[in-house]
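Student: Here's the letter readout for the chains.
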Amino acid sequence: MQRLLKCVLLGFMSVCFNMKLHAEVPVYVWTDTAGAQLGQNCQPTQPLVNGLEAYLEGVIEVVHLESHLPSALPLSGKFLQVVDANGQLSAVSCAGNDPKSYLLFDVFSPEQLTPVARLGVHASQIELFRQVRLHSAEDAEVQIAAPFSVAPSSRLIEGVTAIDGSLNQVICTTSSQLNVRDESLNKILFTVPRFSDVKVVQSWDQQDKKKVVNSKSYTFIRVQFSARPTGKNEGWVAESYVTVRSNCPGAVATPQPLPIASTWQFPTNKRPSSNYKTGMRRFQASRGGGSRYHAACDLYRVKDEAAVAVTAGEVIRDKYYFYQGTYALEVRHTGGRVVRYGEITGKKATGVSAGRSVKAGQTIGYIGKVNSGCCTPMLHFEMYSGTATGSLTQSGNKFQRRKDLLDPSADLTHWEKLKFGQAY
Amino acid sequence: MKKQIIFSLFATILITLLWSKYGTEPLKPELRKGKPTTQTRSLNSGRVAQIEATQFKVEAPLPQRRPAAEPALNSLSEMSRTLFAYTRPGIPLKDLVSYLQRSKQEPQVGHDRNPYTGDMAIVRVKTPLPGTRYFHAQYFADSDGTSFVQHMSFEYKPGPEAMRQAIAAVKASFPGLGAPKTAKPDFIEWALPEGRTVWIKKMAAEDLADDPYNAYGPRDIGTIRVAIESDVHGHEG
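These protein sequence lines are chains B and X, in that order. For the first sequence, this note's numbering begins at 2 and goes up steadily by one. For the second sequence, this note's numbering begins at 483 and goes up steadily by one.
Hints are computed from structural coordinates only; laboratory data are not their basis. Careful, some of the hints might be misleading.
[Said to hold, decoys possible] Not close to chain X: a few residues of chain B, all C-beta gaps over 12 Å, as computed: (1) G52; (2) S68; (3) L135; (4) K188; (5) T192; (6) G397.
[To be verified] The calculated lysine-lysine pairs, modelled on DSS-like cross-linking and capped at a C-alpha distance of 30 Å, are: (7) K349(B) to K608(X); (8) K586(X) to K210(B); (9) K586(X) to K211(B); (10) K212(B) to K586(X); (11) K188(B) to K608(X); (12) K211(B) to K639(X); (13) K586(X) to K404(B); (14) K349(B) to K271(B).
All C-beta atoms, glycine included, are put in the ideal place defined by N, C-alpha and C.
Isolated chain X, as found in the complex (with noise of 0.2 Å):
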């Protein structure tokens, strides 16, 4: 008897200990591996990174910017999460104009449609953040009427450490990114689920010629564009 009580209470601290450990989830065969919730896969091999939903809240304001030295830092920083945040499926349009309004970016939404090819919404910004610059993102409707991005970027200031600084941003942006799909010097491109690529690019005279929405000079060579588009074409082999 005496050892049946004593049994009954190291049970019942033991069942105590781990409902306040774990709740009333089941154990998981990562918790008890101790190993994260998030399986990330690499997307080079065309399996496609599992993201957790909530590990960015759209609706939530943007982390609030550091007063940091660098500025054009911080600024290159929540483009990158902007582009991360409103290119995901089922984010509307006007949660980006909203965003861009709250942080002050004064943006302007034109909306060009016929009647074949349907509705193009583009957002440009009039005022964007040091260090950053000609903000575009481009909006087609599916053919239920829900809205997407088809392309959306900006670009950031050239400098010798830009590139860097920019890969950086984006693979702090983007959880889950796997190994890039092309990586140059120059260019750097990540296939994301959903048959989307971001992609960034130090800017050649070449690639700043006969912009139809920018305006450039010699003085903006080495200048660096962060894109997420449609893998409309995705050339490979």
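The following block holds chain B by itself, in its conformation from the complex (with noise of 0.2 Å):
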């Protein structure tokens, strides 16, 4: 969901602040005995909202809020929204707290830009809400964005019928494993469990087998699985186990709830070889005879070598063709900023996928090198603010990019510092 900036006119007086997350924050819960109390080594865990349903949209202002309970958040004339995670609500559980589920929201201040804290409530603790105000778009001319509504339809698949989600496929059958057999069909090879990634081999004249299976006729193909400690993964299976993830019921994993705040540091685990605030590196260095501007720093390293999250978030886009036989993966990190991880191999790296959550110096995925052998290996690295929606590439401005594009150099030499006591 976009972030956009909100403008909040409440009577005589206009208020304007940015919902975007932001990561420095402390994270609160609300106790019954203290009020708001800091967290201790708080986790995320899955959210519990019943009855809180009526706070999940829209701006909650805190009038007032009537509490004899020692609270170490003030919360009268706070506004909070809930905070939500690729449409997926955020909770946390604490330790020294209760173990519960906390829902989480932002705590904002009046005429200030940034979130002052997050607060957890628990489905139990709806008494907080008392002498609040809702505010929705209507009713109350909030600039809002509904927090779980997806971006607006595109023209993108006008006209045509598509499947949820990329066309990555998996084994779906109702049983826990499915045989692999051999190109006879008439041995079995080995066999994996349900819900494998599986890749259809596509030969240059296109075959198929059928095969009688306990009195039912069958189509084969051959497919390939990754890497196996037993060496061989390609086999032939029935055609009708092979199906799309998004239409394999239970194949779809839980997203999971955003990280809460984490420290940021470089992408890469060694110095780039080169500067990458000069030459074509740089950020809008030159590009198509001066026809465009380069969009991101180039951090030369060496092909293979792992590319890091530059702090916590979520992966909302798994790889995708980039550029010259390299690939891109884009995070949404705590805060809201989203980086563009270009140029980076097709190898995936353990644990990363669309919809998880990845840790901040998290292997994300593997340093490329583009076809033409133009340059040395690099990370390509591009970063948005998160305050507008849409495709990161676009057109209508020299950088070709979203509006929202950063330029990450200063950042980058921050984090660089902060991680190898100098920088360029």
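Take the two lone chains and join them into the complex the hints point to.
Tutor: Structural data, given as structure tokens:
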């Protein structure tokens, strides 16, 4: 969801604030005995909503909170909005407090552009919201995108029947395993578990085979699995058991809550071999004979070295073809910034896929090299503030990028100093 | 008077001849000199090839495949023309899907979306033309909702002549292609208008490793990939 600059017109007072998430904000939880208290060692958990449904959309103005509790975070006069991560609620449980699932809200002060804190509220603590005012988009003149709406639908797939999600395929069976056969279809080579990722082999001249198994006729196709310990990862399976992941019940991973505040760090584990703020590597370097600008900083390193997450976040788009045989991955980080990690190889990093959360410093991909061999292998690092929505690649400006594109040079310099003790 | 009549007759005949040749259009310098109307300039110098919009009509069916001895060559030619025709600005995804259906390639469309970076559509085919495979197209939506192709590619079967055949097919399919931006034995790339690039790569083992969409084995070394992309990086200098 786009986090727009929201302007709340409250009577004669006009308050504008940005609902952008911020990483370095303290997390409080509401306790029954002491009001809002700083959360200790909070970890993401599954949200529990019962009873709080009315407070999940729009902006909550806490007009005056009648509470005798010695709250460490005054809430009267503040504004709250539920934290959402890619359309999912965020919740934490914290050590030292009741091991409850606290639904997270951003806390804003009037006229402040960033949240001052996050507040966890348990579903049973609805009394907290006494004397609050809810502002929907209509009745309070709040220019706000509904927290759980998806981006406005584009004309992208107009007139076409499409499958939800990417076209990655899985083994989809009712049983827990599936036999993979040899070319004769008579010998079973190995078995694979249900929901295994699979790629269909397209031969130059299409062939499939038919075989009757348990008095039922099946069409068999050749498929390939990811590397297996035994070495063999290719064979034949019944076509009916291979389907797009989103069409296979139970195969789609449940999105995880966005991790809470975390530190930021440089996206490679060793210093770049060249200065990323000069030459063709720098942001806004000329491209296309001056017709375009470079939209990233190129961090020269060594092929197949790790590219790591700059901070905690969620993978919002898994690898796609990017440029000359390299790939890109998109991550929305805590604080709302979006980073496109470009020119990485296709190699999958453990635990990294769309909808999965990543920690600061976690390997999210591996540095790649473009086909032309023009230059040193690199991580193409593109960063966006997250205040716009839509495709990162766009027309209409010399960067050919979305309007919230940021120059990452200063941040990279800062993270470089922190990680390596020196910077270009 | 007689001279005037003769001159008048001569002038009338001349005007009629010119009219029948050039109609109502004003005489263009190019026509006078017998030059073609299409102006093609070197892309390498940063200028843009100007191609007559009418040279390729997407709505018209692609030319019939000839019953040649080598069907793979026909497929290569047809898929190269597909890349040219359906990646041009303003051509919607549905036109590509419609063509792929007509050519019985059984297209599948995936709609990958998230609230933060919008929509991406992926088009692949289940039954590629003989000698080609792994067709893959990625569409994104512009800020005004208009779709555009960020990547479209297919593969051509390996062989001693495969790279040369692919280069010839691309040259024939992309009118006004200038000098290549990069040319190596296993890789060639041309710049196109609107910040796009078309390239051909003879794939080595390294290029085949870890593709998230396509399955490969050692038998596939030497496979040719033909791709058109947004020139998102465009290294130079």
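Student: Run the structure past the numbered hints and jot down the numbers of the failing ones, going up.
Tutor: Checked against the structure, the hints that fail are numbers 6 and 13, while the rest are satisfied.
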